[in-house]
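Undergrad: Please model the complete structure; the sequences and the hints are all you need to start from.
Residues in the sequence shown are numbered from 4 upward in steps of one, following our numbering.
Certain hints may be false.
[Claimed, not checked] With a cut-off of at most 25 Å between alpha-carbon atoms, the simulated DSS-like pairs for lysine-lysine come out as follows:
#	residue 1	residue 2
1	K268	K234
2	K268	K87
3	K405	K166
4	K86	K268
5	K166	K156
6	K158	K86
7	K210	K234
8	K172	K152
9	K156	K86
10	K87	K166
11	K188	K166
12	K188	K86
13	K210	K188
14	K87	K210
15	K24	K166
16	K172	K86
17	K156	K87
18	K87	K158
19	K188	K152
20	K188	K158
These aren't lab readings, by the way, just hints derived from the structure by calculation. Note that the structure is a prediction, hence the values are computed from the model and not measured.
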Amino acid sequence: MATTMHEGIGAALSRVDGPAKVTGTARYAAEYPVDGLLYGVVVSARIARGRIVSIEESAARAVAGVVDILTHENRIEIADADKKYQDDVAPPGSPLRPLCDAEIHYDGQPAALVVAESFEAARYAASLIELRYERDAHNTRFAVAEAEKFVPKKKRSGFVPAKNRGDAKAAFDAAPHQVSGDYRKSTEHHNPMEMHATTAIWEGEGKLTVYDKTQGPQNVQAYLAGIFDLKPANVRVLNPYVGGAFGSGLRPQYNVYLAAMAALKLERPVRVVLTRQQMFTHVHRPECTNAIAIGAEADGQLSAILTEATQVTSRFENYMETIVNWGMMNYACPNAEGAHYLAPVDTYTPGDMRAPGAATGMTQFEIALDEIAYETGLDPLELRLKNYSEVDAMHGTAYTSKALREAYAEGAEAFGWAERSPEPRSMREGNELIGWGVATGMWDASFQQCSARARLSANGSLEVASAMSDIGTGTYTVMTQVAADTLGLPAAAITATLGDSELPTSPVEGGSWGAASVGAAAGRPSVSAATWVITV
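TA: Below is the structure:
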């Protein structure tokens with residue numbers, strides 16, 4: 004079974020899903036052909052807070068091809084309990100229930116779904132619907148909401164509170180060099196290439212097949228089953244190809260909820276695709292202010308770190324990221340203190356986006372670190388090396404591996420850092436002013452429980468399968484290489500199957516744990532398959 008060319012872990016291997024993607028044979032959530040397909044277009048609310056008092060839909064219903072208009076007044080029965088809407092990664096609170104009642108919680112909230120025989124008819128009819136509101140006082144400005152900041156009693160799963168050390172306030176007051184300021188990070192939206200989309204197919208007898216843009220098909224399966232009182236085994240969710248997500252697909256978005264609701268009510272397949280504009284009406288990285296104060300001795304040794312982060316959340320869920328810990332972990336400093344707060348605004352609940360918490364917290368802290376380097380007269384890289392910590396400085400625990408010092412050295416040599424001039428406006432490249440900087444990034448090396456199966460055929464081909472998603476990061480190729488490495492098979496003899504709720508249990512793909520989790524899961528059954536063949 005040995006290969007003539009190594010195609011296992013570490014080998015250069017073209018993406019195994021590449022040909023399907025570049026030739027167009029890879030199908031995404033809105034690309035599956037279905038007989039009798041209906042098209043749903045979401046009508047979004049246009050107030051920040053209040054309630055719908057009337058819906059004028061007669062003109063919309065008169066459009067040829069319109070089948071139904073779903074609102075809170077004619078929707079099917081849905082679950083009452085909050086826990087039915089709380090998916091695997093939901094923060095504490097009461098999740099949004101589109102079309103549940105007349106209440107509007109944020110601008111852009113889905114208020115109706117127009118369903119028609121064609122997308123064009125649905126879109127046109129949606130433009131004719133008139134919503135009348137009773138408006139309530141609202142606030143969407145973070146600067147105003149900061150006055151209401153609070154610490155939630157219940158934290159989301161995975162949140163790690165800061166572990167303070169020493170007396171940071173006293174050390175800061177005594178420091179000969181000080182910097183302090185409010186470091187603001189604005190809202191960011193995921194906006195992957197593929198908009199959020201769902202094709203929900205009514206199979207009869209209480210069964211649904213759902214093609215959804217998601218990072219966790221089994222998460223969506225449980226979510227839909229709970230809301231619509233379906234047996235989980237009767238809900239099959241597939242997402243073999245996902246056109247990017249960056250965290251926006253970790254939680255089920257309202258497109259899958261509405262598509263499933265319409266399919267169940269009308270007993271026909273329904274497709275709902277959000278517009279690019281509607282991609283700004285759900286999950287996002289939250290706006291955040293980090294009040295940071297750093298004190299340093301005359302030689303540049305850090306003596307005090309104070310960091311207090313306040314981030315926005317919705318009024319109906321408490322989404323909190325771990326923001327202040329990263330700087331407290333990465334740098335040796337005897338006195339450090341951190342705190343996290345939330346500020347409620349009338350928007351949708353924020354959510355995870357590419358290194359949630361770390362991307363925000365490290366950016367803010369590294370800017371402040373550059374400022375203390377300037378105050379002490381030290382080179383920014385020299386300051387970081389002077390305060391380098393071999394261990395997690397916040398918890399005092401060892402890292403499984405850390406090669407940051409070597410990375411600093413390699414980067415400095417490759418970049419020619421020694422030639423950097425610290426004087427502003429002193430470096431040019433032709434007629435252009437240039438600036439060189441250095442910053443540190445951190446993220447966890449996480450691992451989640453994951454399952455996979457392997458099937459070895461008589462012709463020597465192997466299939467490895469898991470419900471894990473591939474959002475474009477290369478999970479298909481990872482599974483293929485792990486199996487190739489395990490059994491010595493050529494990559495061409497291996498088929499990786501992903502993105503199906505009926506496959507072995509998998510977590511959502513997020514947190515950069517996908518490759519480690521599914522890779523380990525894929526390797527073990529591959530060994531078992533080979534052992535079984537050898538034994539038999």
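Undergrad: Please go over all the hints and tell whether each is borne out by the structure.
TA: Comparing the hints with the structure gives:
1. K268 - K234: Holds - the C-alpha atoms of K234 and K268 are around 17 Å apart, at most 25 Å.
2. K268 - K87: Between K268 and K87 the Cα gap is close to 19 Å, so the pair holds against 25 Å.
3. K405 - K166: Status holds; Cα separation ~21 Å.
4. K86 - K268: holds (23 Å)
5. K166 - K156: With Cα atoms ~17 Å apart, K166 and K156 stay inside 25 Å; holds.
6. K158 - K86: holds (16 Å)
7. K210 - K234: Measuring from Cα to Cα gives roughly 8 Å; hence the hint holds.
8. K172 - K152: Between K172 and K152 the Cα gap is close to 21 Å, so the pair holds against 25 Å.
9. K156 - K86: Status holds; Cα separation ~18 Å.
10. K87 - K166: Distance of about 34 Å is beyond 25 Å: violated.
11. K188 - K166: Given pair K188, K166 holds - Cα atoms ~23 Å apart, limit 25 Å.
12. K188 - K86: Distance of about 32 Å is beyond 25 Å: violated.
13. K210 - K188: Violated. K210 to K188 sits at ~44 Å, over the 25 Å cutoff.
14. K87 - K210: holds (18 Å)
15. K24 - K166: violated (46 Å)
16. K172 - K86: violated (42 Å)
17. K156 - K87: holds (21 Å)
18. K87 - K158: Roughly 19 Å separates the two Cα atoms, so the pair holds.
19. K188 - K152: holds (17 Å)
20. K188 - K158: Holds: K188 and K158 sit about 22 Å apart, inside 25 Å.
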